[in-house]
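Peer 1: Residue numbers (my numbering), protein chains in the order written: chain A, 1 to 499; chain B, 1 to 254.
Everything labelled a hint here was simulated from the structure, so no lab data went into it.
Hints are supplied without guarantee of correctness; some may be wrong.
Claimed, not checked - Below, in silico cross-link-like pairs of lysine to any residue (SDA-like), each with a Cα-Cα straight-line distance of 20 Å or less:
1. 311/A to 127/B
2. 368/A to 148/B
3. 368/A to 84/B
4. 261/A to 209/A
5. 368/A to 126/B
6. 311/A to 125/B
7. 368/A to 454/A
Predicted model only: the values in this text are computed from it and were never measured.
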Amino acid sequence: MQKRYASIWFPYLISNWLVLRRPALKDTAFVITSAERGRALVKALSEPARTQGVTEGMSLADAKAIVPGLQVFSDKAGREARLLRAIGEWCIRYTPFVALDLPDGLILDTSGCPHLWGAEEDYLKEIVSRLKTLGYEVRAAIADTIGTAWAVARFGEETRVINSGEQATALLSLPPSALRLETVALQRLQKLGLYQISSFIHMPRAVLRRRFGADLLLKLARALGQDEERIQPLQIMPPYQERLPCLEPIRTAIGIEIAIKKLLEALCKRLQGEGKGLRTAVLTCYRIDGKVIQAEIGTNSPSHHITHLFKLFLLKIPSIEPALGIELFVMEAPKTEDVSPLQEALWIANPGLDDQGVSELLDRLAVKVGAQAIHRYLPDEHFWPERSLKPAASIQEKTTVPWKTSRPRPTQLLAMPVPIEVSAPIPDYPPMLFIYKGKRHMIKKADGPERIAQEWWLQQGEHRDYYYVEDEDGQRYWLFRSGHYSEQGSQWFIHGFFA
Amino acid sequence: MEGEMNGHSSINNSQQDIISQLRKDILTLQGIKPAEGSAGAFGLGPAELAFPNGVCPAGAIHEFLIAAPEHEASSAGFLSGLLNVLMQSGSSCLWISTSRTLFPPALQAFGVEPDRIIFVDLQRERDVLWVMEEALKCEGLTAVVAELRDINFAQSRRLQLVVEKSKVTGFILRADPNKVSSTACVARWRITPLPSELEEGMPGVGFPRWNVELLKVRNGNPGSWKMEWAEGRFKPVKELNEGAVIVQLNRNAG
């Protein structure tokens, strides 16, 4: 059977996407820039920007000189690949074989598909109009070869279908760049005045090879269908999902437990086979009265351990109300990660944060009391006490900087410093006594001051002069004076208690 | 028990071994299991001798009475000193609380790496006991600390049964001094701050110094000692009038 390919070209892929994200940008001139060798270059642009004279590869300064009110956005690496992949996955409704054609196109192997939409023209029109309604500017063509479809989509006058075997006629009037050639070969063709494919297509092959390299012959052969070109179709992962329909509606906790166990067994078997572990799992229960109930669990580290996951769901069972009965259970794992195979015998005796038991305990706690309740802290490089520690992102995260021990720090730190009354007769000396919560504390011993300045790039305010003091009962406190000593009386606070 | 405080030097080693073995046998005959851990492991000196066989038991529940924020700071310091010993193997610890004021960077001064402690900050008091029981079941942890207002006998008995199986050490910081009910905990401590001592004529504040009171010990001798945290370990403070005073309290704590 004759192979047929469609090439879809998105001339404004990123700018169209940006307009979809921010509708206010519609019909305005804007560019997306990427940094290259220390310069900002225009990578993509909107149609109004192009009509005013901006082109791709122009430096941003030039573009701004041409269009005064130009809006500029910075590019993120790999954005087009992600976008094209998403659109490509959507296109699988038209053919099972969709391949990415970076940076701005898709290739569809349409062999045997168009008749479902009528003729090839209808098929192509359907794709183009659907993508246009989504908001993407699109040009497309269908031909026997990928090369011809690519060339016609980009350089042909309009979207069209090239009949089988007519590649050569379609290509004749197109410029050489339609053949996806290297820049060097293109420049050479340009220099020799060969502006159309027709002007060199009939030249002897030996001459073409000598002057422009073997690449031109290969590309030409591919476009004409004399050489086969292969595509790498997108693979869509089937979602990690298991279904369990019930003959009789399930109404008891035991029944739900059995259902969860069965679903987990099936799900974990697949996860284990693929070397994956789930981070979140959602159990959806469809009740016979039409209501849908969901229960979600999460884990701290990827897991396909049935008993552990079952224990997590066990905590959720009280929240599942079966009412008249549940007829369908669906278990899904929306978030999965690669799991490193565990060497039980070696690791079992290794205590610490990597311990499997600890991470499973934290999962159970997170299900019951919420993951936001569990904290772990790492040192942060700030002197300001409130900022000297930061929450760890994960349970296994290691510290990069050591904890500071050079200055004394209180074991109890008040969430907010509390104002106190003091009598401090001499400037820059610790106070003689202070009154906190109505009780007078005579200060017998003191250490300090330790001046901690505000980090001006984070927050404005006065510095603090901290004193480590001990009262007549031996109770130790952390006091500070906010700002400098002043005659009118300075502001004093208590901030913590020492062991 | 009475001969414990004096005459150690006069008895030679083999006799000492026989005596300690006999003491263990008596405890076993009384139906008390020998405690986890080894004698003198915590370096508490005389306070450790108040426990049966001189072993301050790990794998048990200890409670600390707290009357004021200052006492809480002292208890946290003393507790970190104990955690320092327990966490030597590189294991982690769970700290459960509803209103936590503990400042993790301070623990480093007591030899505990603050990043090895997992904090669970809860909204409701009744979740604390649930989380504590779950955590005590986990053999991967070394210690679990819970800040509680109150705990009754049945609840503490539950926790005690859990730790007997898992060998995790539990610490309860009880913040309500008005309601002190009896519990199944192996020891009841009260740590209060004492004025620190400095070398003659030196300015500043000295090492943290506490009055360590052992109010109840199962099968042991309650007492009170003065102790200091210096050079990374506990240091019993020598009294001028020589020898700590052992206060005989009622012994029905167990």
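Peer 1: Taken at face value, is the distance from the CA of residue 209/A to the CA of residue 261/A at most 20 Å?
Peer 2: violated, 66 Å
Peer 1: Please work out if residue 368/A and residue 84/B have their alpha carbons no farther apart than 20 Å.
Peer 2: With a Cα-Cα distance of about 30 Å, the restraint between residue 368/A and residue 84/B is violated, given a limit of 20 Å.
Peer 1: Compare the distance between the alpha carbons of residue 311/A and residue 125/B with 20 Å, and conclude whether the hinted pair is satisfied.
Peer 2: violated, 23 Å
Peer 1: For residue 368/A and residue 454/A, compute the direct alpha-carbon distance and say whether it is at most 20 Å.
Peer 2: violated, 40 Å
Peer 1: Assess, step by step, whether the Cα of residue 368/A is no farther than 20 Å from the Cα of residue 126/B, and give holds or violated.
Peer 2: Holds. Residue 368/A to residue 126/B sits at ~12 Å (cutoff 20 Å).
Peer 1: Under the criterion that the straight-line Cα-Cα distance not exceed 20 Å, is the pair residue 311/A, residue 127/B satisfied?
Peer 2: holds, 18 Å
Peer 1: For the pair supplied as a hint, residue 368/A and residue 148/B, confirm whether the alpha-carbon distance does not exceed 20 Å.
Peer 2: holds, 19 Å
Hints 3, 4, 6, 7 from the list above are not met by this structure, while the remaining hints are.
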